[in-house]
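J.: Listed below are the residues making up each chain.
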Amino acid sequence: MTIFIPTPLRPYAAGQPSVEVQAATIADALASLTGSHPELRKHLFTEEGKLRAFVNLYLNDEDVRYLPAKEATSVAATDTLSIIPSIAGGACRDLPPRSAAADAFGAKETRVTGPNLQPEN
Amino acid sequence: MATTTSPSSLPELTPDDLSRYSRHLILPEVGMEGQQRLKAARVLCVGTGGLGSPLALYLAAAGIGTLGLVDFDVVDASNLQRQIIHSTKDIGRKKIDSAEEKLLALNPALKVVKHETMLSSANALDILKDYDIVADGTDNFPTRYLVNDACVLLGKPNVYGSIFRFEGQASVFATEHGPCYRCLYPEPPPPGLVPSCAEGGVLGILPGLVGVIQATEVIKLILGKGDSLVGRLLLIDALNMRFRELKLRKNPECPVCGANPTVTRLIDYQQFCGIVPESKQEKALKNGIPQLSVKELKRRIDSGENVFILDVREPYEYQIANIGGTLIPQNDVPQRLAEIDRDREIVVQCRSGGRSQRIAEFLQQSGYTKVANLAGGILAWADEIDPKMQKY
Chain F
29 MTIFIPTPLR
39 PYAAGQPSVE
49 VQAATIADAL
59 ASLTGSHPEL
69 RKHLFTEEGK
79 LRAFVNLYLN
89 DEDVRYLPAK
99 EATSVAATDT
109 LSIIPSIAGG
119 ACRDLPPRSA
129 AADAFGAKET
139 RVTGPNLQPE
149 N
Chain W
505 MATTTSPSSL
515 PELTPDDLSR
525 YSRHLILPEV
535 GMEGQQRLKA
545 ARVLCVGTGG
555 LGSPLALYLA
565 AAGIGTLGLV
575 DFDVVDASNL
585 QRQIIHSTKD
595 IGRKKIDSAE
605 EKLLALNPAL
615 KVVKHETMLS
625 SANALDILKD
635 YDIVADGTDN
645 FPTRYLVNDA
655 CVLLGKPNVY
665 GSIFRFEGQA
675 SVFATEHGPC
685 YRCLYPEPPP
695 PGLVPSCAEG
705 GVLGILPGLV
715 GVIQATEVIK
725 LILGKGDSLV
735 GRLLLIDALN
745 MRFRELKLRK
755 NPECPVCGAN
765 PTVTRLIDYQ
775 QFCGIVPESK
785 QEKALKNGIP
795 QLSVKELKRR
805 IDSGENVFIL
815 DVREPYEYQI
825 ANIGGTLIPQ
835 NDVPQRLAEI
845 DRDREIVVQC
855 RSGGRSQRIA
865 EFLQQSGYTK
875 VANLAGGILA
885 WADEIDPKMQ
895 KY
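From first to last, the protein sequence lines are chains F and W. Going by our numbering, the first sequence opens with residue 29, and the numbers climb by one from there. Going by our numbering, the second sequence opens with residue 505, and the numbers climb by one from there.
Looking at chain F on its own, in the form it has when it is part of the complex (with noise of 0.2 Å):
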């Protein structure tokens, strides 16, 4: 099946916008791209192995959070899963760059009260 990567996870996946692996279910294929992506991981799941809350995955067109056996739905080799971001940009204020340590994984927001708050640009 086909995994679509959103551009913010794709430095996390060899830059690729898709992936294909060969999985019986989602939780199949999941396991699939994390272990060739190992990065991945830590973006799609917490450390005990769920699924991350600001993590939307589609199989098709359809929430897994709907599906009746969730991530245990068996797919085919022609169902496409989504990994869908939050992304918040409108406009976007043009700032310096932040460090890549920054913008590490975890790295709490330190530019705060300052533009991050302003409604738009």
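In case anyone wonders, no lab produced these hints; they're calculated from the structure. You may find that some hints are simply not true.
What the hints assert, rightly or not - Subject to a maximum C-alpha distance of 30 Å in a straight line, what follows is the list of computed DSS-like cross-link-like pairs (lysine-lysine): (1) 98(F) / 70(F); (2) 633(W) / 593(W); (3) 802(W) / 754(W); (4) 98(F) / 78(F); (5) 751(W) / 70(F); (6) 70(F) / 598(W); (7) 751(W) / 633(W); (8) 874(W) / 895(W); (9) 78(F) / 874(W); (10) 802(W) / 874(W); (11) 895(W) / 799(W); (12) 790(W) / 78(F); (13) 802(W) / 98(F); (14) 606(W) / 660(W); (15) 802(W) / 790(W); (16) 598(W) / 615(W); (17) 799(W) / 874(W); (18) 98(F) / 751(W); (19) 802(W) / 895(W); (20) 70(F) / 895(W); (21) 615(W) / 724(W); (22) 660(W) / 618(W); (23) 618(W) / 633(W); (24) 70(F) / 790(W); (25) 606(W) / 593(W); (26) 593(W) / 618(W); (27) 754(W) / 729(W); (28) 799(W) / 78(F); (29) 615(W) / 593(W); (30) 754(W) / 78(F).
For this one, chain F is given, so just place chain W on it according to the hints.
T.: Chain W only, in chain F's frame:
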């Protein structure tokens, strides 16, 4: 929305209107009544940036009667690659003034209402209540949740668009029967996980694509025609020029629009999104490690907090001066992790903060989640807390 207004109470079209909107008037889906509905409509654009530019321009051109603008930013040269409502001559000018000038030049009959402010929990309901539809062109998670919740509480449709690099999303939230933004994204991602456009870049044309989709949805809602994006998330991939759509469902347990809502008034959206107020500077990060000031550590010790201070200096240094931390010299830490409780908050300390920073990074990589570095180390402690402490 306008569909609830009876045709007799709609504003008349002037002769100027009839010629200006003639291409609308001959569309069966718009016609005289539709154009009157557009004229009666009041739409709020939150933001006059990348999304807000095309959105406001097209809504003004289409004959929307009243357009509210929320912005308090000024035009920067780097905005002009995509924020087409502003011109080179506007650099340094308030966006809201620049936008008003362009909109009135396009359509002098338009009523522009300027809200030169940052949308907040304190003012959002008051600003939004006078509008029929809200179009969200913001650029940050706290404001997105704020706009969503305010729209749900007021029963106003929220026409959503968002962009990142070459990728866009659009939907219509907060309608009576459809899902809201929180149904799709119950929780915001941790700060720093999703880079902003300022950090990640954005194709200048992309907000044009997405903003025009938002404008289209606004017009359709006012006309009451066509299939809106209620219950659908449109995904736009400009790089491969693919449009996909996903089904969105109303979450019956949604904290704001569900059957038993727990969010019944606006909350602190900065806090909800995990954004730390600037006053708490000790939360500043270095390579992902919070930097704790000696004053904050002292305050925590004095208030009886169970903080584990890990002193990673050598034993002879500890003899010269210490603040009562547990001594594990830096090179011994990897073999002695069992002595360091994973569940407690750990403040790593050395002489001036360098070694402790490296050990804090090591602990974090080893799976410790609550690790901070004591900024300035014991020298800062001697300078700021205990002048009698021996410096070396």
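J.: Are the hints correct? Go through all of them and say.
T.: Do the hints match the structure? See the list:
1. In summary, the hint linking residue 98(F) to residue 70(F) is supported, as the alpha carbons are separated by about 20 Å, within the 30 Å threshold.
2. Note on residue 633(W) and residue 593(W): the hinted pairing is violated, with a Cα-Cα distance of about 34 Å set against a maximum of 30 Å.
3. A C-alpha spacing of about 48 Å is found between residue 802(W) and residue 754(W), which places the hinted pair above 30 Å, so the restraint is violated.
4. In summary, the hint linking residue 98(F) to residue 78(F) is supported, as the alpha carbons are separated by about 12 Å, within the 30 Å threshold.
5. Simply put, residue 751(W) and residue 70(F) have alpha-carbon atoms about 26 Å apart, close enough for the 30 Å limit, and the pair holds.
6. With a C-alpha separation of about 41 Å, the suggested pair residue 70(F) and residue 598(W) falls outside the 30 Å cut-off, and the hint is violated.
7. Taking the CA atoms of residue 751(W) and residue 633(W), the gap is about 29 Å. The hint holds against a cut of 30 Å.
8. The hinted pair formed by residue 874(W) and residue 895(W) meets the criterion: a straight-line CA distance of about 29 Å does not exceed 30 Å.
9. The hinted pair formed by residue 78(F) and residue 874(W) meets the criterion: a straight-line CA distance of about 20 Å does not exceed 30 Å.
10. Distance check on the hinted pair: residue 802(W) and residue 874(W) sit about 18 Å apart at the alpha-carbon level, within 30 Å; holds.
11. Proposed proximity of residue 895(W) and residue 799(W) is supported: the alpha carbons are some 18 Å apart, at most 30 Å.
12. At roughly 28 Å between alpha-carbon atoms, residue 790(W) and residue 78(F) fall within 30 Å of each other, so this suggested pair holds.
13. Proposed proximity of residue 802(W) and residue 98(F) is contradicted: the alpha carbons are some 48 Å apart, above 30 Å.
14. Proposed proximity of residue 606(W) and residue 660(W) is supported: the alpha carbons are some 27 Å apart, at most 30 Å.
15. The suggested pairing of residue 802(W) with residue 790(W) holds, with an alpha-carbon distance near 21 Å, which does not exceed 30 Å.
16. Distance check on the hinted pair: residue 598(W) and residue 615(W) sit about 18 Å apart at the alpha-carbon level, within 30 Å; holds.
17. Between residue 799(W) and residue 874(W) the alpha-carbon distance is near 19 Å, which keeps this suggested pair within the 30 Å criterion.
18. For the proposed pair residue 98(F) and residue 751(W), the alpha carbon gap of about 15 Å is at most 30 Å, so the pair holds.
19. Pair hint residue 802(W) plus residue 895(W) holds up; C-alpha atoms about 18 Å apart against a cutoff of 30 Å.
20. For the hint pairing residue 70(F) with residue 895(W), the CA-to-CA distance comes to about 42 Å; that exceeds 30 Å, so the pair is violated.
21. Distance restraint check for residue 615(W) and residue 724(W): the Cα-Cα separation of roughly 20 Å lies within the 30 Å cut-off, and the hinted pair is therefore satisfied.
22. Taking the CA atoms of residue 660(W) and residue 618(W), the gap is near 19 Å; set against the 30 Å cutoff, the hint holds.
23. With a C-alpha separation of about 15 Å, the suggested pair residue 618(W) and residue 633(W) falls inside the 30 Å cut-off, and the hint holds.
24. Between residue 70(F) and residue 790(W) the CA atoms are separated by roughly 20 Å; this keeps the pair inside 30 Å, and the hint holds.
25. Our distance criterion of 30 Å between C-alpha atoms is met by residue 606(W) and residue 593(W), whose separation comes to about 12 Å.
26. A distance of roughly 20 Å separates the Cα atoms of residue 593(W) and residue 618(W); the hinted pair therefore holds under the 30 Å criterion.
27. Restraint check for residue 754(W) and residue 729(W): the C-alpha separation of about 22 Å stays at or below 30 Å, so the hint holds.
28. Distance restraint check for residue 799(W) and residue 78(F): the Cα-Cα separation of roughly 38 Å exceeds the 30 Å cut-off, and the hinted pair is therefore not satisfied.
29. Between residue 615(W) and residue 593(W), the direct Cα distance comes to roughly 24 Å. Compliance with the 30 Å bound is thereby established for this hinted pair.
30. Between the alpha carbons of residue 754(W) and residue 78(F) the distance comes to roughly 22 Å, so the proposed pair stays at or under 30 Å and holds.
This entry does not satisfy hints 2, 3, 6, 13, 20 and 28, going by the numbered hints stated previously.
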